[in-house]
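With chain U's structure known, arrange chain G on it following the hints.
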Amino acid sequence: MTTTTRQRRAPRPSWLLLIPALGLLAAVLLVPLGQSLLTSVGAPGFTLEHYASLFTDGVTLTVLGRTVATAAIVTAVAFLLGYPYAYLMTRVGPRLRGVLLVIVLIPFWTSVMARNYAWIVLLQRGGPVQSVFEFFGADDIAFQGSVVGVTVAMSQVLLPFMVLPLFSSLGGIDRRLLLAARGLGSSPLVAFWKIYWPLSRGGVVSGLILVFTLSLGFYVTPALLGSPQQSLIAQLLAQRTTQLLDFAGAGALGILVLVITLTLVAWANRFGGTISAIGAAATTDRKEQR
Amino acid sequence: MTISSTSRAGTPTSSASAASAASAAKQGTQIRLEGVTKDYGLAAPAVDDISLTIEPGEFMTLLGPSGSGKTTTLNLIAGFETLTSGTIALNGSDVGSLPPHKRNLGMLFQNYALFPHMTVAQNVAYPLKERKVPKAEIARRVSEVLDLVQLPDRDGNYPSQLSGGQQQRVALARAIVFNPAALLLDEPLGALDRNLRAALQTEIRRIHREVGSTFVFVTHDQEEAMNLSDRIALFNSGHIEQVGSPEQLYREPDTLFTARFLGDSNVFDLDGAASATSAGWDGRTWSIVPGTVSSHPGAANRAAVVVRPEDVRVAHDPADVPSGSNSVGAVVRDLEYMGSYRTALLDLGRVRQLGRARVDALDSTFTVGDQVTAWWKPERQRIVAA
Chain U
1 MTTTTRQRRA PRPSWLLLIP ALGLLAAVLL VPLGQSLLTS VGAPGFTLEH
51 YASLFTDGVT LTVLGRTVAT AAIVTAVAFL LGYPYAYLMT RVGPRLRGVL
101 LVIVLIPFWT SVMARNYAWI VLLQRGGPVQ SVFEFFGADD IAFQGSVVGV
151 TVAMSQVLLP FMVLPLFSSL GGIDRRLLLA ARGLGSSPLV AFWKIYWPLS
201 RGGVVSGLIL VFTLSLGFYV TPALLGSPQQ SLIAQLLAQR TTQLLDFAGA
251 GALGILVLVI TLTLVAWANR FGGTISAIGA AATTDRKEQR
Chain G
1 MTISSTSRAG TPTSSASAAS AASAAKQGTQ IRLEGVTKDY GLAAPAVDDI
51 SLTIEPGEFM TLLGPSGSGK TTTLNLIAGF ETLTSGTIAL NGSDVGSLPP
101 HKRNLGMLFQ NYALFPHMTV AQNVAYPLKE RKVPKAEIAR RVSEVLDLVQ
151 LPDRDGNYPS QLSGGQQQRV ALARAIVFNP AALLLDEPLG ALDRNLRAAL
201 QTEIRRIHRE VGSTFVFVTH DQEEAMNLSD RIALFNSGHI EQVGSPEQLY
251 REPDTLFTAR FLGDSNVFDL DGAASATSAG WDGRTWSIVP GTVSSHPGAA
301 NRAAVVVRPE DVRVAHDPAD VPSGSNSVGA VVRDLEYMGS YRTALLDLGR
351 VRQLGRARVD ALDSTFTVGD QVTAWWKPER QRIVAA
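The listed protein sequences derive, respectively, from chains U and G. Quick note: the first sequence, position 4, residue 4 per our numbering, numbers continuous. Quick note: the second sequence, position 17, residue 17 per our numbering, numbers continuous.
It should be emphasised that the hints constitute simulated quantities derived from the structure, not laboratory data. There could be a bad hint or two in this list.
Below, simulated DSBU-like cross-link-like pairs (lysine-lysine); rule was C-alpha separation at most 30 Å, straight line [stated by the list, open to error]:
#1 U:K194 <-> G:K102
#2 G:K135 <-> U:K194
#3 U:K194 <-> G:K377
#4 U:K194 <-> G:K132
#5 G:K132 <-> G:K102
#6 G:K102 <-> G:K135
#7 G:K129 <-> G:K102
So that you can see chain U by itself, here it is in the shape it has in the complex (with noise of 0.2 Å):
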């Protein structure tokens, strides 16, 4: 009650406070985003001869798939290991929970560079990752210099923008209501599979969207520990601008994986935005009770 009088007199309106955010946001991602896309249309003119290069140059849409590719493979590997991780996290004391959760974010506060070549220690050519696999017989992977040892490098450092938002939503998840469907007949795989997993669905899908969207733009740990003929579309369109220099070509390449990315999150963002809808009403219902 008081905050809304409060609210309501004040006259001064507190979105000034997005200014400064939003001055330095056009300084640096607007006006140069704009930039690009003039330079890929060909300004002062306008063709769109750059943007059709990139289907019938051969080698864009390969790499692209690529990306996706390996994208979705780190983002199934995060999600994989994510999903139990946070639900433990949600189900141990705090001591142990704050344990769990600097081991997530130990590589956070890693530098790129020292992580990276952390890995090319462990995962190069005689290191010790392939010798243990070697001793079980499978000697014919490569890690280093090929997509597996980046899918690896990959998963490892996305894992904290997968947990995080799984252990947000499953930490609200009133574990009372599991308890509801066994006493309403449920064994407890079916009560998960009906009640725990559908409310966790919200920050299932901003988990899969962070990393899926993070790996598309992976720059550096690619170019470590990949190889440049197995590129990603980061390492195409920094060749396109610093070996080439052809910042139309490099412009349109861009401008096509914003737009991926972002008919992705609009789609996800239907799909999670019900479900976030609930989920709020059902806290704010909570809160209300207490």
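Chain G in isolation, oriented as in the chain U frame:
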């Protein structure tokens, strides 16, 4: 979606069929607990060697202060907790090792535990779907039971769109729609405000009457227990203090704990053990009549006299006290106006123990500081184990 549209279509005729379904379901389950113990490895077991038989169709309340083991006992019956020792049998068959989803018991929680991502109709249909009931029958039974709990038009709403009282009605509908062997209620009215609680008590009593199945109700609220129950099992630190009808527990408590937990009482710790005919307190001797002495074994060693305030009368003149009454000299400490009567707070005897007596609201002859005599009929007192 199909469910909600079908049930709306079925509304005009369904109140009659709800009643018939309720009477058709009139079958109760006996719940027998024998030597039930739950030990978490703490100083004392949470539930310590409890034996209790809940009769078919009975409304049994497990009453007690928090931490007395009543909720643990309910969870043991439901299967949410595992027995340390003892047996739990439903209609004679041991269910102690069955998981909760195989016990076929309805459960009502204090926080309602409605599934937030399902509509009212989907929530209520849930146990039926789990039992693979045909779709058409699910629709019929959901609309019947929503009529029974008087929520016929909210089937398409989500739980968050309902008030607390409505949510608990939906939870109740969901807990009885599959004709469970018994309904377990874990402080279901605890989260509701006073007026709503009274309304839902009436509702629960009506539904118990109509459905006719066994209800096991957990509460710490003695008024609620007295109001609803056929019998009350009073819990005290892991064991059952006394089992009986609300009237038995109120009129014939066996122990001081029972006397104090249910209603107000004047308690006189006796000077020694009571004899068959008399008891001493504060230097005076009171008579005891047969049938007022608790059979509790503890009463032989240490006993107390319990008298309810409504049974204590106050007289200005000791000569007005009828012969054969037990009496004690008192000073009026204060008078509380209760509307239909007044409560006199008294300093009783030489030890000036605080006591309560009921005085007619229109009787203005008493004032604070008056020297009076408090008296009661010996048949209205109870000798309990202290």
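How the hints compare with the structure:
1. U:K194 <-> G:K102: holds, 18 Å
2. G:K135 <-> U:K194: holds, 18 Å
3. U:K194 <-> G:K377: violated, 63 Å
4. U:K194 <-> G:K132: Distance of about 15 Å is within 30 Å: holds.
5. G:K132 <-> G:K102: holds, 14 Å
6. G:K102 <-> G:K135: holds, 22 Å
7. G:K129 <-> G:K102: holds, 15 Å
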